[in-house]
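Peer 1: Below, each chain spelled out in residue letters.
2 protein chains.
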Amino acid sequence: MASKSAVSLSVIRRLPRYYRYLGVLKKKGITRISSRELSERMGLTASQIRQDLNCFGGFGQQGYGYNVESLQEEIANILGLRNPVPTIQIGVGNLGKAIASHLDFSRSGFEMVGLFDSNPALVGKTVAGFEILADGELETFCAKHHPQTAFLCVPEKAAKELVKRLVDCGVRSFWNFSSYDLALYYDHVVVENVHLMDNLMTLRYQIQEAGITEESV
Amino acid sequence: MASKSAVSLSVIRRLPRYYRYLGVLKKKGITRISSRELSERMGLTASQIRQDLNCFGGFGQQGYGYNVESLQEEIANILGLRNPVPTIQIGVGNLGKAIASHLDFSRSGFEMVGLFDSNPALVGKTVAGFEILADGELETFCAKHHPQTAFLCVPEKAAKELVKRLVDCGVRSFWNFSSYDLALYYDHVVVENVHLMDNLMTLRYQIQEAGITEESV
Numbered sequence: 001m002a003s004k005s006a007v008s009l010s011v012i013r014r015l016p017r018y019y020r021y022l023g024v025l026k027k028k029g030i031t032r033i034s035s036r037e038l039s040e041r042m043g044l045t046a047s048q049i050r051q052d053l054n055c056f057g058g059f060g061q062q063g064y065g066y067n068v069e070s071l072q073e074e075i076a077n078i079l080g081l082r083n084p085v086p087t088i089q090i091g092v093g094n095l096g097k098a099i100a101s102h103l104d105f106s107r108s109g110f111e112m113v114g115l116f117d118s119n120p121a122l123v124g125k126t127v128a129g130f131e132i133l134a135d136g137e138l139e140t141f142c143a144k145h146h147p148q149t150a151f152l153c154v155p156e157k158a159a160k161e162l163v164k165r166l167v168d169c170g171v172r173s174f175w176n177f178s179s180y181d182l183a184l185y186y187d188h189v190v191v192e193n194v195h196l197m198d199n200l201m202t203l204r205y206q207i208q209e210a211g212i213t214e215e216s217v
Numbered sequence: 001m002a003s004k005s006a007v008s009l010s011v012i013r014r015l016p017r018y019y020r021y022l023g024v025l026k027k028k029g030i031t032r033i034s035s036r037e038l039s040e041r042m043g044l045t046a047s048q049i050r051q052d053l054n055c056f057g058g059f060g061q062q063g064y065g066y067n068v069e070s071l072q073e074e075i076a077n078i079l080g081l082r083n084p085v086p087t088i089q090i091g092v093g094n095l096g097k098a099i100a101s102h103l104d105f106s107r108s109g110f111e112m113v114g115l116f117d118s119n120p121a122l123v124g125k126t127v128a129g130f131e132i133l134a135d136g137e138l139e140t141f142c143a144k145h146h147p148q149t150a151f152l153c154v155p156e157k158a159a160k161e162l163v164k165r166l167v168d169c170g171v172r173s174f175w176n177f178s179s180y181d182l183a184l185y186y187d188h189v190v191v192e193n194v195h196l197m198d199n200l201m202t203l204r205y206q207i208q209e210a211g212i213t214e215e216s217v
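So the protein sequences, as listed, match chains Z and H.
Under our numbering, the first residue of the first sequence is numbered 1, with each subsequent residue one higher.
Under our numbering, the first residue of the second sequence is numbered 1, with each subsequent residue one higher.
Bound-form chain Z, shown alone (with noise of 0.2 Å):
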C-alpha cells in the first residue's frame, strides 16, 4: 500500500461507506460488484469510485470488477479496522450508555478497556460488562492498562480538564461528543468531533432551502 498519507481526509471518509456497502453485497452472496453497479447502490459516480480506490493502488480488474470480499477486506486493512486499540470511555450517562451499549467497536478497531463516570450514583454499576470507574482512578488506570483512545461523552465544561489529564496520561486520540474544540490546543493528538448540534443546524438550513416549510413559515 504506497503512498497512503498522500490521501485526502475526505477519501477516508468515505471508505466506511464503501466497507458497509460490500458487508451488505456480502451478505447477499454477490461475489463481484462493477464501479458502475457499486456506484448506483451508493449514490457516487463510478469515476469517483474509481478514483476513491486507486488512491490505495486499486483493486479492481478493468472489465472483471472487484472482488467484493477482497475488497472490503483490503478496506478493513486501510482503515486498521483488525488491530483494535485499547480504548476508554469518560462519561456513562444516556448518551455514554447508548454508545458503550450498542456500538460494536470491535468492528471500527477500537476495544474498550474501561467505563468512568464522575457521578457516584453511576460508580459502580454495570454498563456493557464494565463496572463504571470513578474519573479519580483515571491516573491509575492509564498507568496500569495504556489506553490509547478516550470517548468523550461529557458536556463541555468538564471536556477541557478532562483531556488535559487524559493527554498527561499518554491518551492521544479522541472520539469527542462534547462541544470542546480540543483540536485547536492540542496538535499531537487526533479527534473525530460528533457536534450533533451542528448536524442539526445543517438540517435546519437544509429544510429552509427545501422549501419544506414554506407554507407554515
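Since the hints were derived computationally from the structure, they do not count as laboratory data.
This list has only true hints and no planted wrong ones.
Computed cross-link-like contacts, BS3-like style, restricted to lysine-lysine with a CA-CA straight-line distance of at most 27 Å:
hint : chain 1 : residue 1 : chain 2 : residue 2
1    : H       : K27       : Z       : K160
2    : Z       : K160      : H       : K28
3    : H       : K160      : Z       : K26
4    : Z       : K28       : H       : K157
5    : H       : K144      : H       : K160
6    : Z       : K164      : H       : K26
Note that the coordinates shown come from a computational prediction; the quantities given were computed from them, not determined experimentally.
Go by the hints and put chain H onto chain Z.
Peer 2: Only chain H this time, still in chain Z's reference frame:
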C-alpha cells in the same frame, strides 16, 4: 440575502461552527472581531472565513471586523434557527433518550412535538416532558400535528418501514441515526445522517496514520 441557493453544503456545514464561536465571544463580552482573530480561534484561515461569509453578502467592514452579535444573528437567520419546525422522534432507547433529553433543539430551529417507540415497556413513560406514544399512533398524530421532521433513533431494520410511513404522513426531513441510507430511495426529502460507526472508522484510520499505535500493533 441574495443567491443563497448557490452556496455549497461545505460552506453551510461551517456556519454552525461560526455560530457557536460567536456565541462564546458574546458571552465573554466581545462585541467586535476581525476575520484574522476569528480564524485563529477557529483554526481556519482568515481568507476562508471572509470567503464563507461573502457567500451571503458579507457582513464585515474592511478594517473594522465583524459585529459579533449581528453576525451571529445573521447566521441564525440564514440557517433558519429562529423558525422552529415541528418535529417528532421515533425511538426512545438509550440514544433516543439522550437526544430527547439533552439537546436544546429550540436553539437549532426544531420544536419537539412527540416521542414514539415500538417497545411496550417504554410507551406511556415520560421523557423530556413527553409521554412516549406507541408507534401505531403515528398516522393519527401526524394528521393532527403535521410534524415536518423526524429524528430516527431506531435500528436499520425498523427504519425502512418507518420512513415509508412517515413520508406517507408528509414528513419530508430526517435526522437519521440508523444505518438505513434513506436518501438513496427518496429524492424529495432532506436527510442528515449521523453514522457513528463511519466516524469511528475514520478516527481509527487517523490513529494509524499518526503512528500512534506503532508500538502496540
